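One line per chain: the protein sequences are A and B, in this order.
First residue of the first sequence? That's 1 in our numbering, and the numbers climb one at a time after it.
First residue of the second sequence? That's 1 in our numbering, and the numbers climb one at a time after it.
These are calculated hints, taken from the structure and not from any lab test.
These numbers come from a predicted model, not from an experiment.
Incorrect hints may have been included.
For identical chains, the list gives no copy identity; a pair is met inside one copy or between any two copies.
Simulated pairs of lysine-lysine, DSBU-like, Cα-Cα distance not exceeding 30 Å [what the hints assert, rightly or not]:
{"no.": "1", "residue 1": "Lys266", "residue 2": "Lys105"}
{"no.": "2", "residue 1": "Lys374", "residue 2": "Lys64"}
{"no.": "3", "residue 1": "Lys338", "residue 2": "Lys458"}
{"no.": "4", "residue 1": "Lys504", "residue 2": "Lys458"}
{"no.": "5", "residue 1": "Lys185", "residue 2": "Lys458"}
{"no.": "6", "residue 1": "Lys399", "residue 2": "Lys349"}
{"no.": "7", "residue 1": "Lys349", "residue 2": "Lys429"}
{"no.": "8", "residue 1": "Lys86", "residue 2": "Lys338"}
{"no.": "9", "residue 1": "Lys501", "residue 2": "Lys105"}
{"no.": "10", "residue 1": "Lys494", "residue 2": "Lys208"}
{"no.": "11", "residue 1": "Lys433", "residue 2": "Lys349"}
{"no.": "12", "residue 1": "Lys458", "residue 2": "Lys501"}
{"no.": "13", "residue 1": "Lys424", "residue 2": "Lys185"}
{"no.": "14", "residue 1": "Lys350", "residue 2": "Lys433"}
{"no.": "15", "residue 1": "Lys342", "residue 2": "Lys399"}
Each chain, letter by letter, is given below.
Number of protein chains: 2
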Amino acid sequence: MNNDLSVKIIPLGGVGEIGKNITAIEAGEEIIVVDCGVAFPDEEMYGVDLIIPDITYLIQNKDKVKGFFITHAHEDHIGSIPYILKQLNVPIYGTRLALAIIENKLREHNLIETSNLISVNPGENVDLENISIEFIQSTHSIAESCCLAIKTPLGVIFHTGDFKIDLTPIDEKVIDINRISSIGKEGVILLMADSTNVERSGYTMSEKSIGNTFRRIFRSAKGRIIVATFASNIHRMQQIIDASIENNRRVSFSGRSMENISKSAKELGYLHIPDDMLVEIDDIKNYSNENITIITTGSQGEPMAALARIAFGNHRKIKIERDDLFIISASPIPGNDKLISKVINQLFKKGADVIYEDLEEVHVSGHAYREELKLMHTLIKPKYFMPVHGEYRHLKHHKDLAISLGMESKDIFILEVGNVLEIKQESAKICGKVTSGTVLVDGLGVGDVGSLVLRDRKHLAQDGLVNIVVTIEKESYSIIAGPDIITRGFVYVKESEELIKELKQIATEELQNC
Amino acid sequence: MNNDLSVKIIPLGGVGEIGKNITAIEAGEEIIVVDCGVAFPDEEMYGVDLIIPDITYLIQNKDKVKGFFITHAHEDHIGSIPYILKQLNVPIYGTRLALAIIENKLREHNLIETSNLISVNPGENVDLENISIEFIQSTHSIAESCCLAIKTPLGVIFHTGDFKIDLTPIDEKVIDINRISSIGKEGVILLMADSTNVERSGYTMSEKSIGNTFRRIFRSAKGRIIVATFASNIHRMQQIIDASIENNRRVSFSGRSMENISKSAKELGYLHIPDDMLVEIDDIKNYSNENITIITTGSQGEPMAALARIAFGNHRKIKIERDDLFIISASPIPGNDKLISKVINQLFKKGADVIYEDLEEVHVSGHAYREELKLMHTLIKPKYFMPVHGEYRHLKHHKDLAISLGMESKDIFILEVGNVLEIKQESAKICGKVTSGTVLVDGLGVGDVGSLVLRDRKHLAQDGLVNIVVTIEKESYSIIAGPDIITRGFVYVKESEELIKELKQIATEELQNC
Numbered sequence: 001m002n003n004d005l006s007v008k009i010i011p012l013g014g015v016g017e018i019g020k021n022i023t024a025i026e027a028g029e030e031i032i033v034v035d036c037g038v039a040f041p042d043e044e045m046y047g048v049d050l051i052i053p054d055i056t057y058l059i060q061n062k063d064k065v066k067g068f069f070i071t072h073a074h075e076d077h078i079g080s081i082p083y084i085l086k087q088l089n090v091p092i093y094g095t096r097l098a099l100a101i102i103e104n105k106l107r108e109h110n111l112i113e114t115s116n117l118i119s120v121n122p123g124e125n126v127d128l129e130n131i132s133i134e135f136i137q138s139t140h141s142i143a144e145s146c147c148l149a150i151k152t153p154l155g156v157i158f159h160t161g162d163f164k165i166d167l168t169p170i171d172e173k174v175i176d177i178n179r180i181s182s183i184g185k186e187g188v189i190l191l192m193a194d195s196t197n198v199e200r201s202g203y204t205m206s207e208k209s210i211g212n213t214f215r216r217i218f219r220s221a222k223g224r225i226i227v228a229t230f231a232s233n234i235h236r237m238q239q240i241i242d243a244s245i246e247n248n249r250r251v252s253f254s255g256r257s258m259e260n261i262s263k264s265a266k267e268l269g270y271l272h273i274p275d276d277m278l279v280e281i282d283d284i285k286n287y288s289n290e291n292i293t294i295i296t297t298g299s300q301g302e303p304m305a306a307l308a309r310i311a312f313g314n315h316r317k318i319k320i321e322r323d324d325l326f327i328i329s330a331s332p333i334p335g336n337d338k339l340i341s342k343v344i345n346q347l348f349k350k351g352a353d354v355i356y357e358d359l360e361e362v363h364v365s366g367h368a369y370r371e372e373l374k375l376m377h378t379l380i381k382p383k384y385f386m387p388v389h390g391e392y393r394h395l396k397h398h399k400d401l402a403i404s405l406g407m408e409s410k411d412i413f414i415l416e417v418g419n420v421l422e423i424k425q426e427s428a429k430i431c432g433k434v435t436s437g438t439v440l441v442d443g444l445g446v447g448d449v450g451s452l453v454l455r456d457r458k459h460l461a462q463d464g465l466v467n468i469v470v471t472i473e474k475e476s477y478s479i480i481a482g483p484d485i486i487t488r489g490f491v492y493v494k495e496s497e498e499l500i501k502e503l504k505q506i507a508t509e510e511l512q513n514c
Numbered sequence: 001m002n003n004d005l006s007v008k009i010i011p012l013g014g015v016g017e018i019g020k021n022i023t024a025i026e027a028g029e030e031i032i033v034v035d036c037g038v039a040f041p042d043e044e045m046y047g048v049d050l051i052i053p054d055i056t057y058l059i060q061n062k063d064k065v066k067g068f069f070i071t072h073a074h075e076d077h078i079g080s081i082p083y084i085l086k087q088l089n090v091p092i093y094g095t096r097l098a099l100a101i102i103e104n105k106l107r108e109h110n111l112i113e114t115s116n117l118i119s120v121n122p123g124e125n126v127d128l129e130n131i132s133i134e135f136i137q138s139t140h141s142i143a144e145s146c147c148l149a150i151k152t153p154l155g156v157i158f159h160t161g162d163f164k165i166d167l168t169p170i171d172e173k174v175i176d177i178n179r180i181s182s183i184g185k186e187g188v189i190l191l192m193a194d195s196t197n198v199e200r201s202g203y204t205m206s207e208k209s210i211g212n213t214f215r216r217i218f219r220s221a222k223g224r225i226i227v228a229t230f231a232s233n234i235h236r237m238q239q240i241i242d243a244s245i246e247n248n249r250r251v252s253f254s255g256r257s258m259e260n261i262s263k264s265a266k267e268l269g270y271l272h273i274p275d276d277m278l279v280e281i282d283d284i285k286n287y288s289n290e291n292i293t294i295i296t297t298g299s300q301g302e303p304m305a306a307l308a309r310i311a312f313g314n315h316r317k318i319k320i321e322r323d324d325l326f327i328i329s330a331s332p333i334p335g336n337d338k339l340i341s342k343v344i345n346q347l348f349k350k351g352a353d354v355i356y357e358d359l360e361e362v363h364v365s366g367h368a369y370r371e372e373l374k375l376m377h378t379l380i381k382p383k384y385f386m387p388v389h390g391e392y393r394h395l396k397h398h399k400d401l402a403i404s405l406g407m408e409s410k411d412i413f414i415l416e417v418g419n420v421l422e423i424k425q426e427s428a429k430i431c432g433k434v435t436s437g438t439v440l441v442d443g444l445g446v447g448d449v450g451s452l453v454l455r456d457r458k459h460l461a462q463d464g465l466v467n468i469v470v471t472i473e474k475e476s477y478s479i480i481a482g483p484d485i486i487t488r489g490f491v492y493v494k495e496s497e498e499l500i501k502e503l504k505q506i507a508t509e510e511l512q513n514c
């Protein structure tokens, strides 16, 4: 083997942060990119809708980039694709379901004609010149999630994607432990693994475990059942559908993403529901309430999603009725607790009943807990390890976990966004940083809002603004009109007349002093 | 007894919301007020510092108001006192510790001279003309918290305050179960009880239970230990001090409220620490790191508090050193998760170790879980019940809990802020609403910011502002100068030259059309 061979791993997002997962892997003249996700703004990012990665490095090397390889179809792994494709149009490889969900997105952005989506089944390989990528069946809170075994001239890089070890998944597509074990036995130079739940001890419960809860709740419900969950969680949908059919309830989908994804998933055979058990939302009135289940978006309390609109009486088609039972089948993503609580309070106030995670087991996590992570490490036994998919605290604890399993600290690399991990025949090290960071999306604008604009918005948000308008004669500098004081978001003008008067006074004096 | 007798209970805050606890109880010509707390703004309340209750009703009836009766010294029960006293100067009754903490506040507001603070020991009564108020020893996450037995001409109203049933409290002042039982036996017309943790099953752990965790952690720590907790949690402080002394560590306090409260608590005998074990923060450098514990504010990740300043290198006196161990001995209040996580990430990045609730049992709740609530209900056996201290979901679940214990729905009252619960000899009902609501504090301004101002701030925050300045000749209406476009928080001007040019164009055309 050539001693000058090197492979570079460059996370352009997803390390030291939750969201915006995207990693470039470079071998010789080839770059492949794993995932292409978005992140969501925090409260300080006034007016920002989405955060996408800065892909300057990929554009600078665009002739090398052979494609995006998508582990699964969650927003934090695919959400930036429409924005990135406009800058860099390369093929996108993924499973059928992932591509169907991406297609919906591309259609909304009018990009479907120009894009090149290539379907790969779990178990199959994509062979490029230097690199070959194997998609391996995994389990997660979305169907057809995959681990990737990325075969480079220096050896195999194993990327877990987002995973849990679910041995009784709803679709019976068990995570391919045997294949993972073989790959581990053959030797892996680098493991990149999901760190989300490294702070939780034990095992996640199987998705199947909550089916029993649903069945018990559904049996005793008297009115409609309205379940809010993530639109992409097709296995959750299936369990809700199964419990509904058992209890002679027809199922309706509400919310754009829920309608789109359920339709695609049904067409592709991932979601099983007899046509006569499926009801359009306009037709639910033709059935009595105890024969209806509605599956809806808005499980994070998002003010514009279906659940919040139902709660606050703004939904055009669904009004709260007597004996309605709402189930919020999701965990609050950090930062969303208050939004969800507002919705729950409102539903209770309107007389509905509401079941959520604090009260019943209506949700399980899709990310591996500590014991599952240990199992993955033990199967793969990598030479080097790079924790991914987590804030710094998670990466740090994942490093500690690897050390507790026998790895040495020097072989574990916590990267920042843009850092380059260079692996050579006998060594690995972090060498430098490429251009990288965040690009903010505000409405139709991509990248025209940044820290200075946000700083101004913050000032405006906290203090409002005071405009002083005055007309001055050009030659004599005497005041012709004004000063007039116009304020927005400052104080109630009526109740602060004194203050405004004083402002005028000061403005006049200052002008005269000029 | 007079059949026209009536007692009114009017919550002016604290029901259907977390925070701002304040309730008026009116019998004949007397009104007493239980607590006087603040609430904290949510993210949508741009620029707002605090939320205080609208006490119009009390001011309209100011001759009746005999005083504020403080159950305990948490901000959500005492934080509005300085603002309210300026409008309504009546006596404040509370335990010595509560008054000491209130005194610190009043001193900052220059109100200490004019205020009338009256100390009451647990077990003592305050006798007014119609009403008599008994303070009863309770347990909570602050020392000397009390339940109140409010004896009215119609019978006893029992207000739990914030409580848990801790039978092994640090100060050995066990909640006075026997007295509560006697009061219950004598008959209670109305129970008002803390609903915070009604969604949690089982019992809270005793405060004492985390002492062992501290001791174990302290024994193996090599450098300084820096513990962040609530300044008012004197029992927590005591446990940290005890573990420190056992391990030959001197203790220093950091953060204004931590310094103030620890000083008051020590002087009053609530906090026990030998003088030679106490070190000023300026003097910690005289000891080796393994002999120092620092107790600090900022456990909620507040950007201006000591912990965040240490983490981000802005603390004047404390810099992170090798082997520093940070302990965050608190739960995130909903909405604060992201702030805390930022601080934790930063501490890890700087090489410190951090222990928090997800990893170790370094915090217990101060609010009763379901089994404790059931015990309280069973001891009191009230005629009527009004759940307090919670969002609507908590009040609703507390109502359900009371029903599960045998009460009838018609005897349970969920009130909104300002609602009047009128109790008569043979009946109770909600009758009407008094003026009430929220008053926003923004800097020095109290009440000069409201929904219209906030709406404008929200628009400014999300979109920024565009100012078009143009000078027009008075008679001919011709444009003399401009239009000039000035933006703040809109877009980067440099990178959006085209857009600005277009704006000018449109403005000119519109002006010419006028």
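Tested hints:
no.	hint	result
1	Lys266 to Lys105	within (18 Å within a copy, 63 Å between copies)
2	Lys374 to Lys64	neither (35 Å within a copy, 67 Å between copies)
3	Lys338 to Lys458	both (21 Å within a copy, 18 Å between copies)
4	Lys504 to Lys458	both (26 Å within a copy, 26 Å between copies)
5	Lys185 to Lys458	neither (54 Å within a copy, 57 Å between copies)
6	Lys399 to Lys349	between (47 Å within a copy, 13 Å between copies)
7	Lys349 to Lys429	between (58 Å within a copy, 19 Å between copies)
8	Lys86 to Lys338	neither (36 Å within a copy, 32 Å between copies)
9	Lys501 to Lys105	neither (54 Å within a copy, 33 Å between copies)
10	Lys494 to Lys208	neither (61 Å within a copy, 55 Å between copies)
11	Lys433 to Lys349	between (53 Å within a copy, 18 Å between copies)
12	Lys458 to Lys501	both (27 Å within a copy, 26 Å between copies)
13	Lys424 to Lys185	within (21 Å within a copy, 80 Å between copies)
14	Lys350 to Lys433	between (54 Å within a copy, 20 Å between copies)
15	Lys342 to Lys399	between (38 Å within a copy, 19 Å between copies)
Checked against the numbered hints given earlier, the structure breaks hints 2, 5, 8, 9, 10 and satisfies all the rest.
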